[in-house]
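Going down the list, the protein sequences come from chains A and B.
The numbering of the first sequence is my numbering, which starts it at 1 and goes up by one.
The numbering of the second sequence is my numbering, which starts it at 1 and goes up by one.
Quick caveat, the hints were computed from the structure, so don't treat them as lab data.
Cβ coordinates follow ideal geometry from the N, Cα and C atoms, glycine included.
Certain hints may be false.
Among the chain A residues that face chain B by a calculated CB cut under 10 Å, a handful are [what the hints assert, rightly or not]: (1) Glu108; (2) Leu302; (3) Pro320; (4) Ala324.
Over 10 Å on every C-beta distance to chain A, these chain B residues come out as not near it, computed from the model [what the hints assert, rightly or not]: (5) Ala132; (6) Glu198; (7) Asp395.
The list that follows gives simulated cross-link-like pairs (lysine-lysine, DSS-like), each with its CA atoms no further than 27 Å apart [said to hold, decoys possible]: (8) A/Lys29 <-> A/Lys19; (9) B/Lys336 <-> B/Lys29; (10) B/Lys19 <-> B/Lys51; (11) A/Lys92 <-> A/Lys29; (12) A/Lys336 <-> A/Lys29; (13) B/Lys29 <-> A/Lys412; (14) A/Lys412 <-> A/Lys92; (15) B/Lys412 <-> A/Lys19; (16) B/Lys51 <-> A/Lys412.
Protein chains: 2
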Amino acid sequence: MDTLFRNVTAVLPDAAVLKYAYVGVDAGKITYIGTELPAEPPGGVIEGRGKVLAPGLVNTHTHLPMTLLRGFADDMDLQTWLFQHIFPAEDKLTAELVYTGSLLALMECIASGTVSVSDMYFFESDVARAVAESGIKANLCRPFQGEENHEVRTREALELIGQYHGYDNGRIRIDASVHAEYTSSPAIWEAAATLARENGLRLHTHLSETVREHDECVTKYGLTPAAVFDRHGLFSVPVTAAHCVHITDDDIAILAERGATAVHNPVSNLKLNSGVARVQAMRKGGVNVALGTDGAASNNSLDMFEEMKTAAILAAGDDPLTAAGALRLATVNGAKAQGRESGQIAVGFDADLILLDFDKPHLQPLHNVISSLVYSARGSDVCLTMVNGTILYRDGEFLTIDRERVLREAGKAACIF
Amino acid sequence: MDTLFRNVTAVLPDAAVLKYAYVGVDAGKITYIGTELPAEPPGGVIEGRGKVLAPGLVNTHTHLPMTLLRGFADDMDLQTWLFQHIFPAEDKLTAELVYTGSLLALMECIASGTVSVSDMYFFESDVARAVAESGIKANLCRPFQGEENHEVRTREALELIGQYHGYDNGRIRIDASVHAEYTSSPAIWEAAATLARENGLRLHTHLSETVREHDECVTKYGLTPAAVFDRHGLFSVPVTAAHCVHITDDDIAILAERGATAVHNPVSNLKLNSGVARVQAMRKGGVNVALGTDGAASNNSLDMFEEMKTAAILAAGDDPLTAAGALRLATVNGAKAQGRESGQIAVGFDADLILLDFDKPHLQPLHNVISSLVYSARGSDVCLTMVNGTILYRDGEFLTIDRERVLREAGKAACIF
Numbered sequence: 001m002d003t004l005f006r007n008v009t010a011v012l013p014d015a016a017v018l019k020y021a022y023v024g025v026d027a028g029k030i031t032y033i034g035t036e037l038p039a040e041p042p043g044g045v046i047e048g049r050g051k052v053l054a055p056g057l058v059n060t061h062t063h064l065p066m067t068l069l070r071g072f073a074d075d076m077d078l079q080t081w082l083f084q085h086i087f088p089a090e091d092k093l094t095a096e097l098v099y100t101g102s103l104l105a106l107m108e109c110i111a112s113g114t115v116s117v118s119d120m121y122f123f124e125s126d127v128a129r130a131v132a133e134s135g136i137k138a139n140l141c142r143p144f145q146g147e148e149n150h151e152v153r154t155r156e157a158l159e160l161i162g163q164y165h166g167y168d169n170g171r172i173r174i175d176a177s178v179h180a181e182y183t184s185s186p187a188i189w190e191a192a193a194t195l196a197r198e199n200g201l202r203l204h205t206h207l208s209e210t211v212r213e214h215d216e217c218v219t220k221y222g223l224t225p226a227a228v229f230d231r232h233g234l235f236s237v238p239v240t241a242a243h244c245v246h247i248t249d250d251d252i253a254i255l256a257e258r259g260a261t262a263v264h265n266p267v268s269n270l271k272l273n274s275g276v277a278r279v280q281a282m283r284k285g286g287v288n289v290a291l292g293t294d295g296a297a298s299n300n301s302l303d304m305f306e307e308m309k310t311a312a313i314l315a316a317g318d319d320p321l322t323a324a325g326a327l328r329l330a331t332v333n334g335a336k337a338q339g340r341e342s343g344q345i346a347v348g349f350d351a352d353l354i355l356l357d358f359d360k361p362h363l364q365p366l367h368n369v370i371s372s373l374v375y376s377a378r379g380s381d382v383c384l385t386m387v388n389g390t391i392l393y394r395d396g397e398f399l400t401i402d403r404e405r406v407l408r409e410a411g412k413a414a415c416i417f
Numbered sequence: 001m002d003t004l005f006r007n008v009t010a011v012l013p014d015a016a017v018l019k020y021a022y023v024g025v026d027a028g029k030i031t032y033i034g035t036e037l038p039a040e041p042p043g044g045v046i047e048g049r050g051k052v053l054a055p056g057l058v059n060t061h062t063h064l065p066m067t068l069l070r071g072f073a074d075d076m077d078l079q080t081w082l083f084q085h086i087f088p089a090e091d092k093l094t095a096e097l098v099y100t101g102s103l104l105a106l107m108e109c110i111a112s113g114t115v116s117v118s119d120m121y122f123f124e125s126d127v128a129r130a131v132a133e134s135g136i137k138a139n140l141c142r143p144f145q146g147e148e149n150h151e152v153r154t155r156e157a158l159e160l161i162g163q164y165h166g167y168d169n170g171r172i173r174i175d176a177s178v179h180a181e182y183t184s185s186p187a188i189w190e191a192a193a194t195l196a197r198e199n200g201l202r203l204h205t206h207l208s209e210t211v212r213e214h215d216e217c218v219t220k221y222g223l224t225p226a227a228v229f230d231r232h233g234l235f236s237v238p239v240t241a242a243h244c245v246h247i248t249d250d251d252i253a254i255l256a257e258r259g260a261t262a263v264h265n266p267v268s269n270l271k272l273n274s275g276v277a278r279v280q281a282m283r284k285g286g287v288n289v290a291l292g293t294d295g296a297a298s299n300n301s302l303d304m305f306e307e308m309k310t311a312a313i314l315a316a317g318d319d320p321l322t323a324a325g326a327l328r329l330a331t332v333n334g335a336k337a338q339g340r341e342s343g344q345i346a347v348g349f350d351a352d353l354i355l356l357d358f359d360k361p362h363l364q365p366l367h368n369v370i371s372s373l374v375y376s377a378r379g380s381d382v383c384l385t386m387v388n389g390t391i392l393y394r395d396g397e398f399l400t401i402d403r404e405r406v407l408r409e410a411g412k413a414a415c416i417f
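Make the full structure from the sequences, and use the hints.
Written out as structure tokens, the structure is:
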């Protein structure tokens, strides 16, 4: 056994909690869970007294390099923010800046307990380069969009697939992608779906983020974004659909039937005044709902703890999401969206684990571990992040990323905007 | 000069930012702000490179001892939570437990940048004892409520006033209080208002937290809670009215005319499914709007950074609160609610200051200090908290509270529930 966590309070499937637990890790997998010392001697022991061991969090919709635009444009709606501020700024980005912004983002993710991300951006091979170095898991895509030649995009995607799809035993996977209905056209959707089908890929898109998107789509096609995507075969592969704020009951039926994942991005959706997704309606309708931060330019954090709490408190009421439900969105459902054997502390699952220090005033006393994890913990309470059994972060130290160099480069990069 | 902050990025009034600033503190007041080294030599120098110096935050509505009930009952509405879970649990509290719970809460407050709180609870002299030791500022009250004999409450209040009103040069003040319209009666309101008028006190109450409270009050009195309070003279003194979720335009006019403060508690109001207060309507109507966390049993944090961000993203739209607006709620408007010369980095104001370490991945790059302070910073980024020129917390160490003892006592205390 490579590593043994000792004396931890372990968060097991279905929000069960095992106190004074031993959790063993071998060859990147969870191999032991119990309250007895396992027979096999461990290579290393991690003491967990006063600490909670939880499944690592899965951020199923983000744009990592947008950390470089954190705080660049705030307090406006999506349309203004995107077309008047973000798109012009993004024109100035280079491959090297995207790489730097990605490393900066990955430090934030790893330090706040995220073990896997689904990223959508351009210069995606430079995002992949950062992900490869960092040790985090990722589903990555370069979206098809605009009036651009989709044959060029398909060629680029195939190149990215050749370079990174399946890298490091599947730690990195490449998804197909359409940016959004309102930024592309049917020919592009069909090309992306074809790419996905022919290469066995999942597909990542933005869906029904704003009421304007919904209304203009209905005017243009006589169908909602989900319905028009479905008509053009986009849902013939497993889709991760970000936002899903303005979807109809019929859209929910489409997503459920096609096995798609809706990614709830509550902070970004509120901040850009897009609205609040009907999380419980989607879950009841059979949709896999996961959780994402969106990019740091519209959040302005990549802290999944903040996202869990916001999701839970926004979905209070007669049929509340609850703390356990929010945790499920950020773990089990996220892993499902990415098609990974992760998101649970269970034997045979990937050792994607986080340890949180609960010996702090804001986490005491501890009546209910799951409640405290979702409603009281912050990303900064994470003291260890492990992916596939490898420790990436421990007690404030990044073990795979040169913190000082990246902070320096990111500071310089921001001056170009 | 007692203390000089050097090389800080200082957040000045109206969200102005002064880089490479010197800020001097003497005898508990801010005495110097500039980019030149002041002539007078300081007693101590605090280096601020890479750090942001901001006004300390004012939490204008909380119940400090309820930290002991953090995570005790979640995922239900206010009525169920309060009457079926919280009130029965509170029956078990003792003076000593209230003291312990208050110290636990104050550690959380101080470590996350809060310099002053408005607290409402029972055994309030034990809350005051904790506040006195901690060095934080506080407006404290023991609410009048129920069918209880208000003469007893008045006598108790006068005793509390004698003990603590004006303590340590006004660091502690005692407010009069009515718990809420739905938990009391006109005779009690009048007694509380009389107590306030006769002793020159402010008054703290809960107001229109839920739609049920509003509806039942209208049925009972033919008036909204604000209107019926006004009829009975409650607003004849400066009032801090917590929640104000379900208030009418006429209520807004009453609050504005009477110079009352509405305390926005966005996290607690969402978590208990009470709704979202119309912050911008109240501000436009001339009401002083401040910010509070409510108690840790309904939040479940006392982190004002979380509260600022939630307030700002909930009030996006055509007339957004904005980051600067949220900061104002948590500083200037909070100090105004408490009647204090605090909440601003300005010469002559109380030296209630917080220093934040911005040399962290989630706070870089720094395009906009105010945006990053509100949208990206967490309470855990605070590395120094100063009240009246005295440092209460620095680099994780509490200088006035015995952290280990309080955590131990709080853990024991939780076992009684």
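Now the hints, each set against the structure:
| no. | hint | result |
| --- | --- | --- |
| 1 | Glu108 | 4 Å, holds |
| 2 | Leu302 | 7 Å, holds |
| 3 | Pro320 | 5 Å, holds |
| 4 | Ala324 | 9 Å, holds |
| 5 | Ala132 | 18 Å, holds |
| 6 | Glu198 | 38 Å, holds |
| 7 | Asp395 | 13 Å, holds |
| 8 | A/Lys29 <-> A/Lys19 | 21 Å, holds |
| 9 | B/Lys336 <-> B/Lys29 | 17 Å, holds |
| 10 | B/Lys19 <-> B/Lys51 | 10 Å, holds |
| 11 | A/Lys92 <-> A/Lys29 | 42 Å, violated |
| 12 | A/Lys336 <-> A/Lys29 | 17 Å, holds |
| 13 | B/Lys29 <-> A/Lys412 | 37 Å, violated |
| 14 | A/Lys412 <-> A/Lys92 | 14 Å, holds |
| 15 | B/Lys412 <-> A/Lys19 | 17 Å, holds |
| 16 | B/Lys51 <-> A/Lys412 | 18 Å, holds |
Checked against the numbered hints above, the structure violates hints 11, 13; every other hint is satisfied.
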